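Chemist: Based on these hints, arrange chain B on the given structure of chain A.
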Amino acid sequence: MSLTSLGFLGFAALSIILLRILPGGGWRQATLLGLDAAFLYSQTDALLPLLPLIGFVLLGYVAVIAAERRRARHGLGLLVLGMVAIFVWLKRYPLVSALPTFGFAFTVVGLSYMLFRILHIVIDVGQGSLNRPRFVSYLNYVFNFLCLLSGPIARLEDFEPQLRVRPPLPSWREIDAAAQRILRGYVMVAVLASIATNFVNLLKPEFSAALVHGEVAHGVRVYALLTGTYLFNLYVNFSGYMEIVIGIGVLAGLTLPENFNFPFLSKNFLDLWSRWHITLSNWLKFYLFNAVLKSLGARFGTRSNMAYLGAIAFFVTFVVMGIWHGTTYIFFVYGLFLGAGVTVNRLWQIWAPQWLGKSGYKNLQQRQWYFQLSRAATLSYLAVALTSFWITDQQAAALIRPDGLAIFLGGYVGLVAAGTMAGFAWDGVSAFFRKRLLAPWAPADGEKGGGPEVRRAGRVLLISLLAVALASMVVALVSLDLTGILAGSSSVRRLAMLALMAGACAAILISVGRLEPAVARWRDAVFPRRGRDAAAIWLGFRALLAINLVLLMVSSIPEFIYKAF
Amino acid sequence: MLNREEVVERLNHLFRDIFDDDDISVTDATTAADIDGWDSLAHITLILGVEREFRIKMTAAEVGSLKNVGQMIDIITARG
Numbered sequence: 000m001s002l003t004s005l006g007f008l009g010f011a012a013l014s015i016i017l018l019r020i021l022p023g024g025g026w027r028q029a030t031l032l033g034l035d036a037a038f039l040y041s042q043t044d045a046l047l048p049l050l051p052l053i054g055f056v057l058l059g060y061v062a063v064i065a066a067e068r069r070r071a072r073h074g075l076g077l078l079v080l081g082m083v084a085i086f087v088w089l090k091r092y093p094l095v096s097a098l099p100t101f102g103f104a105f106t107v108v109g110l111s112y113m114l115f116r117i118l119h120i121v122i123d124v125g126q127g128s129l130n131r132p133r134f135v136s137y138l139n140y141v142f143n144f145l146c147l148l149s150g151p152i153a154r155l156e157d158f159e160p161q162l163r164v165r166p167p168l169p170s171w172r173e174i175d176a177a178a179q180r181i182l183r184g185y186v187m188v189a190v191l192a193s194i195a196t197n198f199v200n201l202l203k204p205e206f207s208a209a210l211v212h213g214e215v216a217h218g219v220r221v222y223a224l225l226t227g228t229y230l231f232n233l234y235v236n237f238s239g240y241m242e243i244v245i246g247i248g249v250l251a252g253l254t255l256p257e258n259f260n261f262p263f264l265s266k267n268f269l270d271l272w273s274r275w276h277i278t279l280s281n282w283l284k285f286y287l288f289n290a291v292l293k294s295l296g297a298r299f300g301t302r303s304n305m306a307y308l309g310a311i312a313f314f315v316t317f318v319v320m321g322i323w324h325g326t327t328y329i330f331f332v333y334g335l336f337l338g339a340g341v342t343v344n345r346l347w348q349i350w351a352p353q354w355l356g357k358s359g360y361k362n363l364q365q366r367q368w369y370f371q372l373s374r375a376a377t378l379s380y381l382a383v384a385l386t387s388f389w390i391t392d393q394q395a396a397a398l399i400r401p402d403g404l405a406i407f408l409g410g411y412v413g414l415v416a417a418g419t420m421a422g423f424a425w426d427g428v429s430a431f432f433r434k435r436l437l438a439p440w441a442p443a444d445g446e447k448g449g450g451p452e453v454r455r456a457g458r459v460l461l462i463s464l465l466a467v468a469l470a471s472m473v474v475a476l477v478s479l480d481l482t483g484i485l486a487g488s489s490s491v492r493r494l495a496m497l498a499l500m501a502g503a504c505a506a507i508l509i510s511v512g513r514l515e516p517a518v519a520r521w522r523d524a525v526f527p528r529r530g531r532d533a534a535a536i537w538l539g540f541r542a543l544l545a546i547n548l549v550l551l552m553v554s555s556i557p558e559f560i561y562k563a564f
Numbered sequence: 000m001l002n003r004e005e006v007v008e009r010l011n012h013l014f015r016d017i018f019d020d021d022d023i024s025v026t027d028a029t030t031a032a033d034i035d036g037w038d039s040l041a042h043i044t045l046i047l048g049v050e051r052e053f054r055i056k057m058t059a060a061e062v063g064s065l066k067n068v069g070q071m072i073d074i075i076t077a078r079g
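Protein chains in written order, with numbering that gives the first Met the number 0: chain A, 0 to 564; chain B, 0 to 79.
Treat the hints with care, as some may be off.
[What the hints assert, rightly or not] Pulled from the structure, derived: some chain B residues nowhere near chain A, Cβ distances all over 10 Å:
| # | residue |
| --- | --- |
| 1 | Glu8 |
| 2 | Glu61 |
| 3 | Asp73 |
| 4 | Thr76 |
[What the hints assert, rightly or not] Straight-line alpha carbon distances no greater than 16 Å define the calculated EDC-like cross-link-like pairs of lysine to aspartate or glutamate that follow:
| # | chain 1 | residue 1 | chain 2 | residue 2 |
| --- | --- | --- | --- | --- |
| 5 | A | Lys203 | A | Asp392 |
| 6 | A | Lys357 | B | Glu61 |
| 7 | A | Lys284 | B | Asp35 |
Calculated from the structure, these hints are not laboratory results.
If you're wondering where the values come from, they're calculated on a predicted model, not measured in any experiment.
We put the CB at the ideal spot given by N, CA and C, even for glycine.
In isolation and in its complexed conformation, chain A is listed as follows (with noise of 0.2 Å):
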């Protein structure tokens, strides 16, 4: 089931209740097994598909307990190999595809978040640094249905408690930020994505033709806005799952490692790997580029050369790292270009310091346009490198003539320097509302309610409110009659009504974000003593908010907007 749908609601409202009321212990656990095999099942509701996905997580324990009965080196690797082999081989990489597999169609759903939690487990019990799990909570870590889609990658050692033991019920800011999560998660994933993968299919058809016509004016433009929305949807998306898992993980009580902090606050590219998909970042880092970079220093290494090597060791990470994410060629290529990105980023902080001296790059790096460039130049890499994901092997071959090439580069450049302009009035903006309307909230000492303060919080109240009524009827009047306004206008008034799309999403996200804040100030500042008035107001907004969840689900608006489109 996808996490959108009315049965996923249903189905994660049983799993709290299940997994608050009943007992820790061998109740927990065998609930835990349910939910799991349940929502597995929910994939492709045939047991049949399932099979070899079932038999690559059994084998992996015999992997595990091997690992454990001989802690021999060689062994180890030869376990952490023949895992690789067969992940790769039920994955179907070009490499081996003409390997049989079996003479059913089956599903590898999650199979590559599931081979780094086995590799995990068994590099780590064959070094002697974990216990061997018992094998239901293997199962149950290996397998756990908030984890199975699209991640995070926990480690064990942080997991496998809240399997055993039921933890203390959350308070009710805690229970109340959940609820916050997982709603801003919905509102990511269901409005804002759908909008976003609708932007990204209209302007699909528009690269592809300027890229078969060589129009390189055009191509550079649409090249830039497709990269550009496409890193938003993939944001949206990915991180608004998060959201709603790790939101019900607090209320079921599973604590979910965070997957993202704030990747759009990314200094360079190095940063942005410990802000984007985090527990990734971190599983390749522990197993992948610690280990490379070791044997590497270990054997070549010299005072002078580490950086060098360390450059080195990146760019396995990397290559890695991109045929992790999938089998084809392009994949490689995606791996290539990020390892390409890492290398230039380590190599302009080993030779800046020596050309501008250690204490000038220090001042570069304080500068505002130095910051606002480099992460826009950061955001832009990863966009484009993200190509490689929707690409089709007829653009791609198109892409590397000489016309396509100039589409390519220009987008880039074109998407930094919009980029950098689009930091600048972003910080602008947000730095007005911190300052004229956040601010004012924090009340004095001594200060508590009081009439200025609630006019105060009701104004911030509304401004928000009619930010959202005003951005959603922008983005509900565009999407209407998109194609129609896009047909026969100039490319300029097309640009200027895309950007216009793209602030109105933007003023939701903020205001969405904001809206729940400021009714808590409001609440609080008109019934500070928060009675049970206060609960009742409280409780009424929230209802309101989910009602109006359903029934985006249920009106299945995303597809409403698809139709418009």
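Modeler: What follows is chain B alone, placed relative to chain A:
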């Protein structure tokens, strides 16, 4: 079994050499944030130095999840 004072002494030498800063003096609570230049690369340089200095091998999980110098000393004294 090594005692902690001796380990700290030898670690100080190692840190000063690797981070090129004679003023470094580590304690249990020292973390990567406290020392200029302790990034993912310097971390491995440091681990290699520790492994050589104390003739031990650290596991992937240990290398990855070290939170502070205190944990490093724990591993060294337990193993060395």
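Chemist: All the hints need checking, so say for each whether the structure fits it.
Modeler: Right, here's what the structure says about each hint:
With a closest Cβ-Cβ approach of about 22 Å to chain A, Glu8(B) is found to remain outside the 10 Å limit, as its non-interface label requires. Its closest Cβ contact with chain A, about 6 Å, brings Glu61(B) to no more than 10 Å, contrary to its assignment away from the interface. With a closest Cβ-Cβ approach of about 13 Å to chain A, Asp73(B) is found to remain outside the 10 Å limit, as its non-interface label requires. No Cβ of chain A approaches the Cβ of Thr76(B) within 10 Å, the least distance being about 17 Å, so the stated non-interface status holds.
Proposed proximity of Lys203(A) and Asp392(A) is supported: the alpha carbons are some 14 Å apart, at most 16 Å. A hinted pair counts as satisfied when its Cα atoms are at most 16 Å apart, and Lys357(A) with Glu61(B) does not qualify at roughly 32 Å. The hinted pair formed by Lys284(A) and Asp35(B) fails the criterion: a straight-line CA distance of about 21 Å is larger than 16 Å.
Hint violations for this structure: numbers 2, 6, 7, all remaining hints satisfied.
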